[in-house]
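As a plain string of letters, each chain reads:
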Amino acid sequence: GQNIDQPTEMTATEGAIVQINCTYQTSGFNGLFWYQQHAGEAPTFLSYNVLDGLEEKGRFSSFLSRSKGYSYLLLKELQMKDSASYLCAVRVNQAGTALIFGKGTTLSVSS
Amino acid sequence: DAGVIQSPRHEVTEMGQEVTLRCKPISGHNSLFWYRQTMMRGLELLIYFNNNVPIDDSGMPEDRFSAKMPNASFSTLKIQPSEPRDSAVYFCASSSRLGQGGYTQYFGPGTRLTVL
Chain A
1 GQNIDQPTEM TATEGAIVQI NCTYQTSGFN GLFWYQQHAG EAPTFLSYNV LDGLEEKGRF
61 SSFLSRSKGY SYLLLKELQM KDSASYLCAV RVNQAGTALI FGKGTTLSVS S
Chain G
1 DAGVIQSPRH EVTEMGQEVT LRCKPISGHN SLFWYRQTMM RGLELLIYFN NNVPIDDSGM
61 PEDRFSAKMP NASFSTLKIQ PSEPRDSAVY FCASSSRLGQ GGYTQYFGPG TRLTVL
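The listed protein sequences correspond, in order, to chains A and G.
Each residue of the first sequence is one higher than the last, beginning at 1 in our numbering.
Each residue of the second sequence is one higher than the last, beginning at 1 in our numbering.
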């Protein structure tokens with residue numbers, strides 16, 4: 001079976017740094033995606049990792065360790081607008097394009 | 001550049017009625033995905049198409065659900081007959097082999113379906 005685990009909820013304060021973890025056990029691996037979803041809106045693409053290591057994109061960074069089946073999304077200098085759900089997704093099949101999504105981590109940022 | 005377009009944005013219907021959800025993918029994208037999202041189950045893949053051909057429909061919950069993609073710019077998801085447990089947000093997404101980050105999926109705004 002396919003399994004992607006993320007914490008359900010996290011809280012943090014403005015200006016802080018938060019790390020959202022994702023572990024996966026899947027039948028294959030061909031890339032890991034992070035999406036952001038604000039309440040009542042569609043998921044939007046944040047980052048993509050296919051090789052081990054850290055990918056940095058402004059205030060957001062994403063890390064991948066394929067041997068450990070582990071990824072994290074790091075959010076720096078938190079802002080109120082970062083309050084959202086963060087979804088981890090794995091592309092399992094090299095030939096296919098479908099993603100398997102975790103249930104998401106709801107992040108609440110307070111002032 | 002227009003993103004993924006879905007209609008209707010909201011649908012309220014009564015149990016037993018037929019519901020048809022529509023999606024127009026981003027021009028040039030050759031993969032299209034239908035998802036359902038609920039609080040309990042999260043974002044679930046129902047079916048996806050590559051080049052208008054259904055590839056995997058193992059996520060379709062039962063025979064009441066069907067999906068078609070008659071051409072590269074249009075897809076429908078139909079529920080007949082609808083049941084209250086079908087109430088959810090249904091998202092359509094599309095991706096392209098030439099897209100950023102290897103098959104990155106771009107989501108439409110979703111259709112919020114309520115079955116009474």
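Hint data in this document are derived by calculation from the structure and do not stem from the laboratory.
Some hints here could point you the wrong way.
[Stated by the list, open to error] Subject to a maximum C-alpha distance of 30 angstroms in a straight line, what follows is the list of computed DSBU-like cross-link-like pairs (lysine-lysine):
no. : chain 1 : residue 1 : chain 2 : residue 2
1   : A       : 103       : G       : 68
2   : A       : 68        : A       : 103
3   : A       : 76        : G       : 78
4   : A       : 81        : A       : 103
5   : G       : 24        : G       : 68
6   : G       : 68        : A       : 81
Here is how each hint holds up against the structure:
no. : hint         : verdict
1   : A:103 - G:68 : holds (27 angstroms)
2   : A:68 - A:103 : holds (20 angstroms)
3   : A:76 - G:78  : violated (42 angstroms)
4   : A:81 - A:103 : holds (21 angstroms)
5   : G:24 - G:68  : holds (12 angstroms)
6   : G:68 - A:81  : violated (37 angstroms)
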